[in-house]
Amino acid sequence: MAIYYFILFTSVITAKLNNYFKIRFSKSKIEVFFHISIFILLFFAVFRSESIGVDTRHYITYFDNALYRNIYDLPYEPGFNLLTKAFQNFSKDFEIYLSFLSIITLVPILVVLKKESKKYFWLTLFVFVSTQYVSSFSILRGYISLMFLLHAYQYINDNSKKIKFWIYTILAISFHYSAIIYLLLFIFGKNRYKISHYITIIIASIIFYHPVISNWIRITVINILSFIRPQYNYYALEHNSDSSLVYISIYAIIVMLSFAYRNKLEQTKKINVLFNMSVFMLVFNLSMSWFPAYSRLSSGFLIFMSLLIPKIIQAEKDNALKLVYKVVICVIFVVYMKLNLSPIFSLYNFR
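Under the working numbering, residue 413 is the last one in the sequence shown; the count climbs by one each step, no gaps.
Fair warning: there could be bad hints in the mix.
The calculated lysine to any residue pairs, modelled on SDA-like cross-linking and capped at a C-alpha distance of 25 Å, are [said to hold, decoys possible]:
#1 LYS177 with PHE71
#2 LYS388 with VAL116
#3 LYS177 with TYR323
#4 LYS331 with PRO354
#5 LYS224 with LYS154
#6 LYS176 with ILE102
#7 LYS154 with ILE98
#8 LYS252 with LYS154
By construction, these hints were calculated from the structure, which means they are not laboratory data.
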């Protein structure tokens with residue numbers, strides 16, 4: 063697992079150095095260390111072995127089947143099926159396919175993260191690498207979907223960019239249906255609600271523990287998934303009745319800090335969306351561990367938390383307290399990465 067710590071710390075250190083070293087070329091400044099960070103992350107993603115990732119073996123089978131099946135007979139979302147079939151017109155090598163997917167998702171994601179976290183990009187990168195970067199070795203289409211969702215997020219404040227917003231969200235849904243949940247939060251999470259409303263929702267979420275209610279919602283969701291994707295029954299099989307203390311702790315800390323600095327944060331739709339996402343995920347982890355793909359959703363939302371955490375820290379004026387926050391957050395996500403990488407899949411291998 064040492065290689066993952068190497069990737070984490072070297073990429074973050076180069077991102078930190080980017081704040082101090084820039085090379086002037088003509089009339090512009092080239093952020094050399096930002097590009098070095100991208101290169102480090104790309105290198106280990108592109109040249110990883112196909113043995114890495116808990117789901118990779120399923121994608122190998124999928125890729126092989128896609129060579130001989132019609133696009134409508136493939137099990138995944140239409141956007142991902144279409145992309146796979148289009149790629150196979152140029153190459154039938156699965157390892158090249160993995161590299162291709164890493165490049166077309168990782169670079170756009172890093173560009174958005176950099177744009178949204180100008181001052182604390184290194185911290186955003188720290189959270190991203192310890193969560194989504196490692197997970198992306200396994201959840202390929204979900205990773206592509208998150209890339210489109212991040213691009214859609216950029217336009218939430220700008221009413222003149224609604225068309226771009228909807229194009230990106232529709233593309234996200236076409237690659238992974240979980241994007242529908244993100245879309246609902248984009249739409250209904252733009253508003254700023256009273257703290258009493260949030261507390262009431264968190265307390266009221268206990269009703270989702272009731273067996274009748276939880277079973278009814280779960281069956282309804284599975285029926286919907288079976289209707290839109292009848293070939294794939296994974297969601298019907300995955301069932302975790304235990305809430306994750308790790309996710310509950312992470313989202314609880316973020317929510318408490320968000321409440322504490324709520325009035326000091328920018329009052330924009332984008333900030334409101336991030337704040338409401340954190341509350342939703344706390345409720346989700348407290349009371350909805352029976353939801354299909356529970357752990358995948360909990361992990362996926364952390365990429366947006368990587369945008370919220372730096373904004374919370376930036377709102378604090380005391381430099382000593384800022385330092386404490388930075389250290390604590392880094393420790394939390396190092397522990398998260400340690401717990402998230404099971405012994406079976408923690409060894410990095412090149413091709």
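Here's how the hints hold up against the structure:
1. LYS177 with PHE71: holds (21 Å)
2. LYS388 with VAL116: Violated - the C-alpha atoms of VAL116 and LYS388 are around 31 Å apart, more than 25 Å.
3. LYS177 with TYR323: Within the cut-off at roughly 22 Å; holds.
4. LYS331 with PRO354: violated (29 Å)
5. LYS224 with LYS154: violated (37 Å)
6. LYS176 with ILE102: Satisfied, since the Cα-Cα distance of roughly 15 Å is no more than 25 Å.
7. LYS154 with ILE98: violated (30 Å)
8. LYS252 with LYS154: violated (43 Å)
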